[in-house]
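K.L.:
So the chains spell out like this:
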Amino acid sequence: MHILTMDDLTNEQMLELLHAAEQYKSNKQCTFHSAFAANLFFENSTRTKISFEMAERRLGLSMISFDAQTASIQKGETLYDTVKTLEAIGLDVVVIRHMEDRYFDELTGRVKLSIINGGDGTGHHPSQCLLDLLTIYQEFQRFNGLTVTIVGDISHSRVARSNAEALNRLGAYVQFAGPQEWMDSSLDHLGPNVELDQAVKESDVLMMLRVQHERHAFGVSFSKDQYHQQYGLTEERERKMKPSSIIMHPAPVNRGVEIADSLVECDRSRIFKQMENGVYIRMAMLQYVLNQREAIKHEFVN
Amino acid sequence: MHILTMDDLTNEQMLELLHAAEQYKSNKQCTFHSAFAANLFFENSTRTKISFEMAERRLGLSMISFDAQTASIQKGETLYDTVKTLEAIGLDVVVIRHMEDRYFDELTGRVKLSIINGGDGTGHHPSQCLLDLLTIYQEFQRFNGLTVTIVGDISHSRVARSNAEALNRLGAYVQFAGPQEWMDSSLDHLGPNVELDQAVKESDVLMMLRVQHERHAFGVSFSKDQYHQQYGLTEERERKMKPSSIIMHPAPVNRGVEIADSLVECDRSRIFKQMENGVYIRMAMLQYVLNQREAIKHEFVN
Amino acid sequence: MHILTMDDLTNEQMLELLHAAEQYKSNKQCTFHSAFAANLFFENSTRTKISFEMAERRLGLSMISFDAQTASIQKGETLYDTVKTLEAIGLDVVVIRHMEDRYFDELTGRVKLSIINGGDGTGHHPSQCLLDLLTIYQEFQRFNGLTVTIVGDISHSRVARSNAEALNRLGAYVQFAGPQEWMDSSLDHLGPNVELDQAVKESDVLMMLRVQHERHAFGVSFSKDQYHQQYGLTEERERKMKPSSIIMHPAPVNRGVEIADSLVECDRSRIFKQMENGVYIRMAMLQYVLNQREAIKHEFVN
Numbered sequence: 006m007h008i009l010t011m012d013d014l015t016n017e018q019m020l021e022l023l024h025a026a027e028q029y030k031s032n033k034q035c036t037f038h039s040a041f042a043a044n045l046f047f048e049n050s051t052r053t054k055i056s057f058e059m060a061e062r063r064l065g066l067s068m069i070s071f072d073a074q075t076a077s078i079q080k081g082e083t084l085y086d087t088v089k090t091l092e093a094i095g096l097d098v099v100v101i102r103h104m105e106d107r108y109f110d111e112l113t114g115r116v117k118l119s120i121i122n123g124g125d126g127t128g129h130h131p132s133q134c135l136l137d138l139l140t141i142y143q144e145f146q147r148f149n150g151l152t153v154t155i156v157g158d159i160s161h162s163r164v165a166r167s168n169a170e171a172l173n174r175l176g177a178y179v180q181f182a183g184p185q186e187w188m189d190s191s192l193d194h195l196g197p198n199v200e201l202d203q204a205v206k207e208s209d210v211l212m213m214l215r216v217q218h219e220r221h222a223f224g225v226s227f228s229k230d231q232y233h234q235q236y237g238l239t240e241e242r243e244r245k246m247k248p249s250s251i252i253m254h255p256a257p258v259n260r261g262v263e264i265a266d267s268l269v270e271c272d273r274s275r276i277f278k279q280m281e282n283g284v285y286i287r288m289a290m291l292q293y294v295l296n297q298r299e300a301i302k303h304e305f306v307n
Numbered sequence: 006m007h008i009l010t011m012d013d014l015t016n017e018q019m020l021e022l023l024h025a026a027e028q029y030k031s032n033k034q035c036t037f038h039s040a041f042a043a044n045l046f047f048e049n050s051t052r053t054k055i056s057f058e059m060a061e062r063r064l065g066l067s068m069i070s071f072d073a074q075t076a077s078i079q080k081g082e083t084l085y086d087t088v089k090t091l092e093a094i095g096l097d098v099v100v101i102r103h104m105e106d107r108y109f110d111e112l113t114g115r116v117k118l119s120i121i122n123g124g125d126g127t128g129h130h131p132s133q134c135l136l137d138l139l140t141i142y143q144e145f146q147r148f149n150g151l152t153v154t155i156v157g158d159i160s161h162s163r164v165a166r167s168n169a170e171a172l173n174r175l176g177a178y179v180q181f182a183g184p185q186e187w188m189d190s191s192l193d194h195l196g197p198n199v200e201l202d203q204a205v206k207e208s209d210v211l212m213m214l215r216v217q218h219e220r221h222a223f224g225v226s227f228s229k230d231q232y233h234q235q236y237g238l239t240e241e242r243e244r245k246m247k248p249s250s251i252i253m254h255p256a257p258v259n260r261g262v263e264i265a266d267s268l269v270e271c272d273r274s275r276i277f278k279q280m281e282n283g284v285y286i287r288m289a290m291l292q293y294v295l296n297q298r299e300a301i302k303h304e305f306v307n
Numbered sequence: 006m007h008i009l010t011m012d013d014l015t016n017e018q019m020l021e022l023l024h025a026a027e028q029y030k031s032n033k034q035c036t037f038h039s040a041f042a043a044n045l046f047f048e049n050s051t052r053t054k055i056s057f058e059m060a061e062r063r064l065g066l067s068m069i070s071f072d073a074q075t076a077s078i079q080k081g082e083t084l085y086d087t088v089k090t091l092e093a094i095g096l097d098v099v100v101i102r103h104m105e106d107r108y109f110d111e112l113t114g115r116v117k118l119s120i121i122n123g124g125d126g127t128g129h130h131p132s133q134c135l136l137d138l139l140t141i142y143q144e145f146q147r148f149n150g151l152t153v154t155i156v157g158d159i160s161h162s163r164v165a166r167s168n169a170e171a172l173n174r175l176g177a178y179v180q181f182a183g184p185q186e187w188m189d190s191s192l193d194h195l196g197p198n199v200e201l202d203q204a205v206k207e208s209d210v211l212m213m214l215r216v217q218h219e220r221h222a223f224g225v226s227f228s229k230d231q232y233h234q235q236y237g238l239t240e241e242r243e244r245k246m247k248p249s250s251i252i253m254h255p256a257p258v259n260r261g262v263e264i265a266d267s268l269v270e271c272d273r274s275r276i277f278k279q280m281e282n283g284v285y286i287r288m289a290m291l292q293y294v295l296n297q298r299e300a301i302k303h304e305f306v307n
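Residue numbers (my numbering), protein chains in the order written: chain A, 6 to 307; chain B, 6 to 307; chain C, 6 to 307.
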């Protein structure tokens, strides 16, 4: 009733197990119910991870749990060997979040499973970008001619650059506001730096960024309260917004810093809607790469 | 075959993804197979967590894993914002265990998902209480007229107060035994403090509480062995119990402290049966709140 | 809509919950969809754990997550009480990995659920052994007459002894190579110690073992590079292998130590195939113990 040591098995039982395994190998398709997915989060991000997990479950994918904290990568295994192992074990798609910029460059072209980037270094975070686009699109049914102001720590934000680029490509007018030391001159071609108080009146979308406690000390240049007064969305600023304009934030919000506590769930706020949209857009992304895999398989067969 | 950066997507592909996401949004019900549940355990309790998970799986709920250790709450997010996020992502019910007394007061009336309390501070632990009641009820088919003695660290026990109150309400006669310094005068209206050796002879149910190594040093007042001799269920005491009476303990047991090692699985012991019952009562609790949600939805529709 | 405290429940609601729980108890089979499994890994081994999880999912088992790091066993609970709890909660099979040699001796004969050993101390690791056998069998369709050389840290290897024993039993010719201080005279009856350069030419299978950074300091006797030159599979040695012979390694590989980086995915290497086979053999093992359980149940019924 147990299998504890090789001594518990006769030679016949051993060979029986080998033959049973061969059967499983040749009948792969019978035991597969669905595609297999895993979330490899080498950097903490509960929110993004849970959102991907919900998307995976709603699509009916089978999930393999992966704990980056206890993974063999801690024993010095490369990311490539880890991913290659997951491929060998039978995974179809992995979502990876990793602290290294463009970690995926060592993987593409060398692995057969599909990768969705759940965020790399301070670089790319396409699912966040797409959920922001979805939220704007739901509101206005267009991007063309919209004024979007991105406010806060532009230079350290994973989201600011991708959003600014995507919005430009789709025809929106982008501008940046926030502390001078957090502006990023490499984004100058994507939009001007503007005064927040003026931007508040003109924008269709105010996209507030999170102040990263983990990365900067507030103490250096300003206190939480000073930040809120100078660069945050205060109740006073909110009253100057156009009737139809909306507030966005990637969350988690530092209430009373980027946004007044009372505004987080106000009528203009789309913050929790962004979270809801995150699930739908991640479903779409997963289905998109899985469809491409199917298409490739069919090509090989025909 | 991957989605790595926004640059990998044409404008057409981006819009395609947005439209696919909109489809998922409007067809929610098609991809939902069942209610979605998560277990938020901010305090370790493997036993309770696994029991809830088994209950959730047996009910066929879809589970989203949540690791409190790596959660955004560690970045200073409030419990309210965490729960609100899970609601936005689509969860129907969460089981929460939290070190703070009445943590749920900041949630009730402000969230739409259902909460089952998996234990708060030193306060409430309704699923433990109900499984204890179930175990007694299975044994005697009644509460009325039963004598139940709760033994041990009354003053620090999550379970002692709720059980004493519920048993009183249901007509049982409750009494307390244990070290004087661990008695709790605020429970005087629920039953008297009695001598263990007398109680052992009279009780239908002996409910032994766990000595919390984490909270007290044994060393102060007594050694493990002294505790066992004075306040534990020794083999000698067990021989004085009535033929029909039973032994209960919330587990994990400190063998040889609260109960003699040899008695943990004796005929009178219901300790492992309590664990089994824990799964059934948690299924009943989950189904109860889910039924109420359904009822509410129907009200809105009609 | 919530269940937060016992005070929220009327006596009638309490009794309703007790009756609902009784129903769940008596109708066990209706809510069971499949056997329930859990992986208890008290020692990190992502690779083995993920492989078992994939096997379990492909067999359609229901999984209960178990985090050994936060388990009650940390509060001093014995392994026996932990496993007994899981049995009471309703698990059918558990896979256990534990740092203690023959941890299972305190369990067998005392528990009703089935145990598959996922590795104990420096002792047994039957699923690794069986997947190695499967990989050899797939290649040669026999064991009889094959020469298998096991190379490296023989004395500390979980795998070396079991593999050597099983291969002997199945008719293969086994030999050992590696640093003198890592040879193990208690294995002398299973095969001779040989020179690596000679063995490379004669072997059908070269089974390279992982050098455990965690257990030894390289510094003492040799550097990584020295190890590779003396006891590793260099490109030069690979060229001397017989045309049909294969390379195996339990992984994770220290690239450039046990095996030249360029050889890890060469034509002879079966390293990633071993990982794939791991899933199939674990499916076979799980199905094997579950079938035995069924057989036992039927015996009781008839």
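Mixed in with the good hints there might be a few duds.
Identical copies look the same in the list; a pair holds intra-copy or inter-copy alike.
With a cut-off of at most 30 Å between alpha-carbon atoms, the simulated DSBU-like pairs for lysine-lysine come out as follows [stated by the list, open to error]:
#	residue 1	residue 2
1	LYS247	LYS30
2	LYS117	LYS278
3	LYS30	LYS278
4	LYS30	LYS229
5	LYS206	LYS117
Note that these hints are calculated values from the structure, not bench results.
K.L.:
Look at each hint and say if it fits the structure.
P.N.:
Going down the list of hints, with the structure as the test:
For the identical chains of this complex, LYS247 and LYS30 are inter-copy neighbours only, at 28 Å across copies versus 62 Å inside a copy, given an alpha-carbon limit of 30 Å. Taking identical chains as interchangeable, the C-alpha atoms of LYS117 and LYS278 lie at most 30 Å apart only when they sit on different chains, with a minimum of 14 Å there against 35 Å within one chain. Within a single copy, LYS30 and LYS278 get their C-alpha atoms only as close as 44 Å, which misses the 30 Å cut-off; across copies the closest is 11 Å, which meets it. In this homomeric assembly, LYS30 and LYS229 never come within 30 Å of each other (Cα to Cα): the closest approach is 59 Å inside a single copy and 37 Å across copies.
In this homomeric assembly, LYS206 and LYS117 never come within 30 Å of each other (Cα to Cα): the closest approach is 50 Å inside a single copy and 34 Å across copies.
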